[in-house]
Structures are given as structure tokens and as C-alpha cells.
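The hints should help you fit chain B onto chain A, whose structure is shown.
In the order they appear, the protein sequences are chains A and B. So the first sequence is numbered by full-length UniProt numbering: it starts at 1 and just counts up by one. So the second sequence is numbered by full-length UniProt numbering: it starts at 1 and just counts up by one.
FYI, nobody ran anything at the bench for these hints, they're computed from the structure. Treat the numbers as computed from the prediction; the structure is a model and nothing was measured. Check each hint, because a few of them may be wrong.
[To be verified] Some residues of chain B that are not near chain A, with every Cβ distance over 10 angstroms (derived):
(1) 14
(2) 19
(3) 23
(4) 96
(5) 99
[Stated by the list, open to error] Taking CB as the label site, the calculated pair distances span:
(6) A/70 to B/75: 49 to 55 angstroms
(7) B/14 to A/109: 42 to 48 angstroms
(8) A/139 to B/94: 30 to 36 angstroms
[Stated by the list, open to error] Keeping only pairs whose Cα atoms sit at most 16 angstroms apart, straight-line, the calculated EDC-like set for lysine to aspartate or glutamate is:
(9) A/31 to A/115
(10) A/40 to B/13
(11) B/137 to B/82
(12) A/47 to B/60
(13) A/47 to B/13
(14) B/137 to B/92
(15) A/275 to A/110
(16) A/102 to A/115
(17) A/15 to A/270
(18) A/155 to A/225
(19) A/34 to B/61
(20) A/98 to A/175
(21) B/104 to B/114
(22) A/221 to B/45
(23) A/19 to A/260
Each residue gets a CB set at the ideal place from its N, CA and C atoms; glycine is no exception.
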Amino acid sequence: MAAAKEIRTQIGSIKNTQKITSAMEMVAASKMRKAQDLMKAGQPYAKQIRNVVGHIADANPEYRHDYMIERNEVNRVGYIVVSTDRGLCGGLNVNLFKAVVKDARVWSQEGAELDFCALGAKGSAFFRNYGGNLIAAKSGLGEAPTVEGLIGSIKVMLEAYDEGRLDRLYVVYNEFVNTMTQRPVVRQLLPLSPDMGADAKHDEENARPESWDYLYEPDAKALLDSLLVRFIESQVYQAVVENGACEQAARMIAMKSATDNAGNLIDDLEMVYNKARQAAITQEISEIVGGASAV
Amino acid sequence: MANSFTCNIVSAEASIFSGSVEQVVASGMMGDLGILPGHAPLLTELQPGPIRVIHDNGKEENFFVSGGFMEVQPDVVTILADAATRASDLNEAAAEEARQEALKAFNEKSSELDYTRASAELAEAVAQLRTIQQLRKKAGKG
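Chain A on its own, in the form it takes in the complex (with noise of 0.2 angstroms):
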């Protein structure tokens, strides 16, 4: 009879196993509903800078910013890595992380030397495992990320640029396909990419002449700065709260597969367990017939 305990213990370990995945099945599905939201609130936003980025960009403006200017040389590249603080949400980061390091392996066999700036808890371990050049981390967002909070990190990234110790700056983070699906995207921040406002190009705008410029208020140069600064900020911003959005659906996913494998584990172990059972009980049958019919 021993085994047959020995099962059931094993079954019992299991099922407590089991109700924990399932609460956080659902704890991952209630904050994915609010992610989701915060994900979708911000989207106008980034859509219409983005936009106006596009103009910009599309303008013949007396003033070129530094960011807009594509530079010659690439000696330094820098990543934003947008990762979760928590694990157990299935390939999620691994996935991230994997593309982060095919993109950087083609930078540095031109040459390139890597710097990384990591969020998320998840990131800043993985870096340093990795042997990165981690320039700045930030982690303990939360669920609700604030723009404040990602300031400094992304101002650091901006400095470095800014004093040419970084040639071309990305943003790593998972894109949000859906539920089921998410897809590890390496976005280009700087320089800012002529394809950055394509949806943008194609309106009907097209019609206008081809040097054109906007009025400045109060100049060209202090405005282009803050502004350019506060897209960066909130395509960065955006990245993270779709990255949470990513992270409570994959977790959510993640959950939901541990508790159906572990529904099948206790069902194969009961058959076992029965097995067993019914072994020891013929057994016994067995040996009281047996010892009837000595006597």
C-alpha cells in the first residue's frame, strides 16, 4: 500500500499546485482587462505626435535637429528593452530577448559596440548574464507606468546620444497581436526614421508644394527639442504599457496551460493511483483464498 499513498500524496501537491496557477490565471486576466485599457487610452496620443513627427520630418524646416539627421557612421548602438519584472508569463521575455541579441549580433559584426538600457527587473538579470554594457535600468513599474518613471532611464539614452557616444538608438518591447499572440518588435527611435510618419505621407496633403515650413513659436530650436524629447518619451511610454499588456496576456496563457497539465497529471496519477488500488486489493483477496484452502 505504501505506493498507493506515496500517489496520493503526489496528487494532493499537485491539486494545491493547480488552484494556485488557476487563481493566477484569473488575477492575469482581470489585470490584462485593465493593461489593455491603459494601452488603448494612450494610443491617441502617440498616434497624433507620431504624426506630427511625419510633418515634420516631411517639412523643409530652417532648423535640423541632431535626431533628424542620419549620421554617417555607426560606431555605438543603444537598446531600450522594454521586459516585465515578473516571470512566470511563458516565453515572453526569452522571446524578447532573443531577437534583442539577433539584432545586436549584426550591429557588432559591422563593427558597432552595444550599450543597453533595461526595464523591467527581467531585462536588468538577463543583461547581467548577457556580459551587456547595461547604461541605465529601471524596475518596480507596476501596472500602471507613469511617464515620470521612465524619464530618467530614457534621458540617459537621450544624453548619450545627444553627446555622440550613441549612433542609433532602439526600442525593444512585445507587440500586442492579440491575446494569444505577441511578437517581439525592434522599433528605430533615433534617428528618427523617414518612414516614422508614412501614414502621415499618403493624405491628401501630398498635394502641397515641396518646401514648405511651419511658423515656430517661440523658435525653432527650443521647440523641435522639447518636442522631439517628448515623442521619444511617449513612443518609450507606449512600448511599456503594450509590453504589460503582453505580459498579463502571456501570463495569462502561461497559467491557463500549467493548470490543464496539471488536470492531466492528476488524472493519469489516479489511474495509476487506482491501479494500484485494485492490485493490492486482489492481492489480498488472493492470499486469503490462498490461506483458506492451506488450512
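Same frame as chain A, now just chain B:
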């Protein structure tokens, strides 16, 4: 459609307003600006203050922004607000309270307080009051 244009007001948290309007009055860095259809392309930073929107049916609506940017294209105006609220949601008592608090913090410079933050808070509170007073004046007139 020559008499109206599209106006979008968005803040980082939400889309505040989007629709066809006749005129937009905003407080830019160098003073108030009235935008009519067909305005030359313009890009400006906004001061904390009221934004008045006149719909194409002649109705007026007020918004409050605590800073941001405005982009003007001949047929579309985009306001990227740091934080925008409908002016009717503003509460004068709350604004006055915020102003007093900011002033108090301002005077207690010796304390640990961040001086620039206090002055930003003060500017915002004053701008909110300005919006409310503008609204009130209008209501008294009408």
C-alpha cells in the same frame, strides 16, 4: 467645408476632443493665438491655460491644458496636451486651494521642497483659475 477644420485634442492618457470646428483659441508661449481655417502651418508650445473651441454650429467649448504642443496645418489642428480636462470639470475651490498650497510651498523654500516643482504647480493653479474666471465672465454676459 471652407469654414471649418478638424481639431484633435489628445493627452497622454486619453483622447479629449476630436471634431469639426470653426475656431480654436489657445494660449501659446508668446501669447494667445486664434486659429481660423486655412491658417499657415504653425508649431508652438502651449502654456498652461484654457483652450477655447468654437464648433461649426457656433457652440463654444472650453478645455484646460497644463502645457503641451499645438500643431496647425491648414485643415487640421492637433493639440498634444500634457494633461487636458474639460473646463466645466474644473472646480474653482480646488484650483484656489492648489494655488494656496503652491504659494505656501513656494515661501517655505528653506524646506526640502523642490523649487521648480512648486513654481510649476503654482503656474498650473493660476492657469486653472484663469480658465474658470474666463468661463464665469462668459456666463455672466450670456
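So if I understand the rule, the pair passes when the alpha-carbon distance is 16 angstroms or less; does residue 221 of chain A with residue 45 of chain B pass? Roughly 12 angstroms separates the two Cα atoms, so the pair holds.
Hint consistency between residue 104 of chain B and residue 114 of chain B [alpha-carbon to alpha-carbon, up to 16 angstroms]: 13 angstroms, holds
Proposed proximity, residue 60 of chain B with residue 47 of chain A (alpha carbon, max 16 angstroms): 26 angstroms, violated
Does the alpha-carbon distance linking residue 19 of chain A and residue 260 of chain A stay inside the 16 angstroms limit? Measuring from Cα to Cα gives roughly 11 angstroms; hence the hint holds.
Hint says 49 to 55 angstroms; check whether the CB-CB distance for residue 70 of chain A and residue 75 of chain B agrees. For residue 75 of chain B against residue 70 of chain A, whose Cβ atoms are near 31 angstroms apart, the range 49 to 55 angstroms is violated.
CA of residue 31 of chain A to CA of residue 115 of chain A, is that 16 angstroms or under? This hinted pair is violated, its Cα atoms lying about 32 angstroms apart.
Run the distance test for residue 98 of chain A versus residue 175 of chain A: straight-line Cα separation, threshold 16 angstroms. Cα-Cα ~15 angstroms, so holds.
Hey, residue 155 of chain A versus residue 225 of chain A, does the alpha-carbon distance stay inside 16 angstroms? With a Cα-Cα distance of about 13 angstroms, the restraint between residue 155 of chain A and residue 225 of chain A holds, given a limit of 16 angstroms.
Pair hint residue 34 of chain A and residue 61 of chain B, alpha-carbon separation not exceeding 16 angstroms: 30 angstroms, violated
For the pair we were handed, residue 15 of chain A and residue 270 of chain A, check the Cα-Cα distance against 16 angstroms. 12 angstroms, holds
Given the hint that residue 47 of chain A pairs with residue 13 of chain B, does the C-alpha gap stay at or below 16 angstroms? 12 angstroms, holds
Given the hint that residue 40 of chain A pairs with residue 13 of chain B, test it: the Cα-Cα distance must not exceed 16 angstroms. At roughly 9 angstroms apart (the allowed maximum being 16 angstroms), residue 13 of chain B and residue 40 of chain A satisfy the hint.
The structure is inconsistent with the numbered hints 1, 6, 9, 11, 12, 15 and 19, although it conforms to all the rest.
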